[in-house]
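Student: Sequences and hints are given; from them, build the entire structure.
If you read the protein sequences in the order shown, they are chains A and B. Counting in the numbering used here, the first sequence tops out at residue 216, every number present. Counting in the numbering used here, the second sequence tops out at residue 216, every number present.
I should point out that these hints are in silico values taken from the structure, not numbers from a laboratory. Hints are not guaranteed to be accurate.
In this list, chains with the same sequence are indistinguishable; a pair is considered to hold if it fits within one copy or across any two.
What the hints assert, rightly or not - Below, computed lysine to any residue pairings styled on SDA-like, alpha-carbon distance capped at 20 Å: (1) LYS116 - GLY156; (2) LYS116 - ILE168; (3) LYS99 - ARG152; (4) LYS116 - THR169; (5) LYS193 - MET167.
Please read these numbers as outputs of a predicted model, since none were measured by experiment.
Number of protein chains: 2
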Amino acid sequence: MDKAQILAKAFNTSSFSPSEMDKMTSLFEFVSFQKGDFVLQQGTVANNLMIVLEGLLRSFAIDPDGNEITTSFHGKGSGVLEVASFFLRVPTKENTQALSDGKGLKISFEGFQELFHSIPNFREAGRARLVNGFFALKNRSLSMITESAENRYLQLLETHPQVIAEAPLKHIATYLGITDTSLSRIRRELSKK
Amino acid sequence: MDKAQILAKAFNTSSFSPSEMDKMTSLFEFVSFQKGDFVLQQGTVANNLMIVLEGLLRSFAIDPDGNEITTSFHGKGSGVLEVASFFLRVPTKENTQALSDGKGLKISFEGFQELFHSIPNFREAGRARLVNGFFALKNRSLSMITESAENRYLQLLETHPQVIAEAPLKHIATYLGITDTSLSRIRRELSKK
DNA sequence: TTCATTTCTTGTCATAGGACAAGAATCAAT
DNA sequence: ATTGATTCTTGTCCTATGACAAGAAATGAA
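Tutor: Here it is as structure tokens:
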């Protein structure tokens, strides 16, 4: 699959002119990463947006006690973007690390700005993505309040089976807001049913 | 205080031209609300952004068991905006209701679009606000995982004393993700210290 | 294959917070 | 002032999850 096809899937490019598509394909570039690589490190400014083509990554922050708390997983098809740092050009407090080898398609902040300002439809698509991310985050926040850990696990299993299948239990646990011990027990209970 | 002054505070209008300021002041209008009024109701599309000038409001969603969960408070100076519904033009799942009489300055979606597209600095300010909201939401999400209910209460007390002082305990409780009973006990413990 | 490291499971005990119910205090409207 | 409705506090008991520690299983490097 070439760039144009991938980008057509990721954004809604149906209304883009040929020259717009050209500009877009020239500004995105393929990258590959290896397990353990950091795509983003706290204290730096996020300079890229990456669409994951293969592999799995996770983002995490360090809590007041020094523990790593997983804030999100990024599997095939999802975008890796630290919104606050990328757009406001301030150092991030998050880290994003590859959990497996993989590859993606990335664009720099400058490239993004270029597209954002020159292609109205790209601007719309970008805004929609941002807003959707906002919505998803709000839902996650809500479910931390309203759902039990077991239900949150089941939801994750349903919406992101790749994560459950491939991510280490301890990372899934901090993502759910529980300890690895508790998650292990939840799994045992579920397997009994 | 007149519109221009208020808007100058809410946005960074220092670089706006006189005609831009005129357009802006003509598109924002004063509104007042009474305790109990709904500024936004679930199932409808959010059509306004409002800057609170006086009074206190809260937003809440209904959880799977039918309970009201407070998702945010809006005191003096803060903006009332349901991002997803406003920008994507889809029905919201949230409600926003006044906890006291008050007043604000509001702008419609159309007015906002007008400013957004015609004033680059407004666009920048808008994007910055959106991104900051994103950041705040992420932090809240994180603190639900990493902090005890007592600490979350203390943080709220520090950052939004108006809320603690004026909002009913039960709403503060659901905002913190605990029951009113627990919050009452937390307060007792804190008062002992 | 073997050894070391990391990951996952399990046990025991402790604790924060929930469920439910009953009072007390506050507030609102007549 | 009186009544009724909220709102807040408190008691008792219960449950989900955490802390800590010890194995078991899986993984990876030599």
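Student: Each hint needs a verdict: does it hold in this structure or not?
Tutor: Going down the list of hints, with the structure as the test:
| no. | hint | result |
| --- | --- | --- |
| 1 | LYS116 - GLY156 | both (18 Å within a copy, 16 Å between copies) |
| 2 | LYS116 - ILE168 | between (24 Å within a copy, 16 Å between copies) |
| 3 | LYS99 - ARG152 | within (16 Å within a copy, 30 Å between copies) |
| 4 | LYS116 - THR169 | between (27 Å within a copy, 15 Å between copies) |
| 5 | LYS193 - MET167 | both (18 Å within a copy, 18 Å between copies) |
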